[in-house]
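A.B. asks: If you want the building blocks of each chain, they are given just below.
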Amino acid sequence: MDVLTENWSLYGKGFLGTVELTVYASVLALVLGFVMASFRVAPVGSLRVIGTVWVAVLRNTPLTLLFFAVLLGLPRFGLILPFQVFAVLALGCYTSAFICEALRSGINTVPTGQGEAARSLGMSFGQTLNNVVLPQAFRSVIPPVGSTLIALAKNSAIAGAFSVTELLGTYKTLNELGYSIIWSFIWIAVGYLIITLAISALFNVLEKRWGVAR
Amino acid sequence: MAVDPLIELRDVNKYFGKLHVLQDINLTVGRGEVVVVIGPSGSGKSTLCRTINRLETIESGHIAIDGKPLPAEGKGLAELRAEVGMVFQSFNLFAHKTVLANVSLAQLKVRKRKRDEADQRSRELLERVGLASQADKLPAQLSGGQQQRVAIARALAMDPKALLFDEPTSALDPEMINEVLEVMQQLAREGMTMVVVTHEMGFARSAANRVVFMSDGRIVEDRTPEDFFTAPESDRAKDFLSKILKH
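Chains L and W supply the protein sequences, listed in that same order.
When we follow UniProt numbering, the leftmost residue of the first sequence carries the number 1, and every step to the right adds one.
When we follow UniProt numbering, the leftmost residue of the second sequence carries the number 1, and every step to the right adds one.
In case anyone wonders, no lab produced these hints; they're calculated from the structure.
Please note that the accuracy of each hint is not assured.
[Stated by the list, open to error] Below, simulated DSS-like cross-link-like pairs (lysine-lysine); rule was C-alpha separation at most 30 Å, straight line:
| id | chain 1 | residue 1 | chain 2 | residue 2 |
| --- | --- | --- | --- | --- |
| 1 | W | Lys-97 | W | Lys-137 |
| 2 | W | Lys-137 | L | Lys-208 |
| 3 | L | Lys-154 | L | Lys-13 |
| 4 | L | Lys-208 | W | Lys-97 |
| 5 | W | Lys-161 | W | Lys-114 |
| 6 | W | Lys-238 | W | Lys-114 |
Modelling step: build the complete structure from the supplied sequences, incorporating the hints.
C.D. replies: In structure tokens form, the structure reads like this:
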């Protein structure tokens, strides 16, 4: 118990760091995932190729490797940003590949007749997607998107290895100060639980509100 | 009859893989004409119907609507589709929207009407198909026959030049078929240009100007309903009619 009370600000900073990484990377992942999913179902071949390559590369690269590539690779090309921004980029892009596939599986649950009906009324691809297909796909992708964002929250721990302030990284300092490693980790785990349970709760509400009513 | 052609198909061919589903189809539908397409399943009649608004692409041949060739995918095609309404076998009402919103959606997005104007037009059309009282329900709360009538209202909301019906009553219980056919009969009487793929021989007899009989991807007969039903020329049509008219 002492570990927490005596290092309140250290834990607090780490916790906030993880929350920030999670929120910013989630927003980036949702936006990019949405764009890439649209690309993957677009009637234009070149867009489909971009979407497919995006998913293939990012989903199949180990996240740690991606962190190395972004944090050590991009500065070589003259792109120098704070490490936290790099971490958000790496996490967001990586997770967007999974969000894209979750969205696409949702799009595939909508019967083709819905899209055909919209197109037969003269609606464009974008109108069909936004007004008819995605609102229906949205209902069935709430659970998988929730899982993906929870995975993102936990994956953010990798950023700690690249000297970004986040929750898991606090253990190094605590360890040096001589605190019990077990209690340090228990409180870190509690911190992650608070974040992931909050995401779960949010998605439960979304599901109750918007989930599939069959 | 076809002095003023609205829909023209010339030498249209289509394949599904190796299957030659439409073979050298030539068909002209005049303005105000009602053409009923019948034939055994797998004869290509639904595919024919779907090529007219390019829900199915064709490998060769020409399709023109109102003198203009069918455009490729894109804005031009969307504009054309707005002029050619389509009613599907499985209704395909937008499941997440109310009946009223189903009828109004494309008016708002494609015709750029104001919401009041669109909703008012939708209510008129729902009144016309006898469903004004159901406007605020979701499609799943309606019977099949009611859903199909909403689908017809939705197609009419675009003020189309022609309507395509792809087996509109095939997914309905027998007692609901009539309420849909009555709406279609009324449209036919009002002079709407219609291409109707159906198994309803009664409708073909009473409402059609011409009956097109298809078999194995070809148009075998294209005649008035009177001629077709009383004296079919081809063996294939005789065989088909003898099977369906027996019971």
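A.B. asks: Output the indices of the hints that this structure fails to meet, ascending.
C.D. replies: As far as the earlier hints go, only 6 is violated by this structure.
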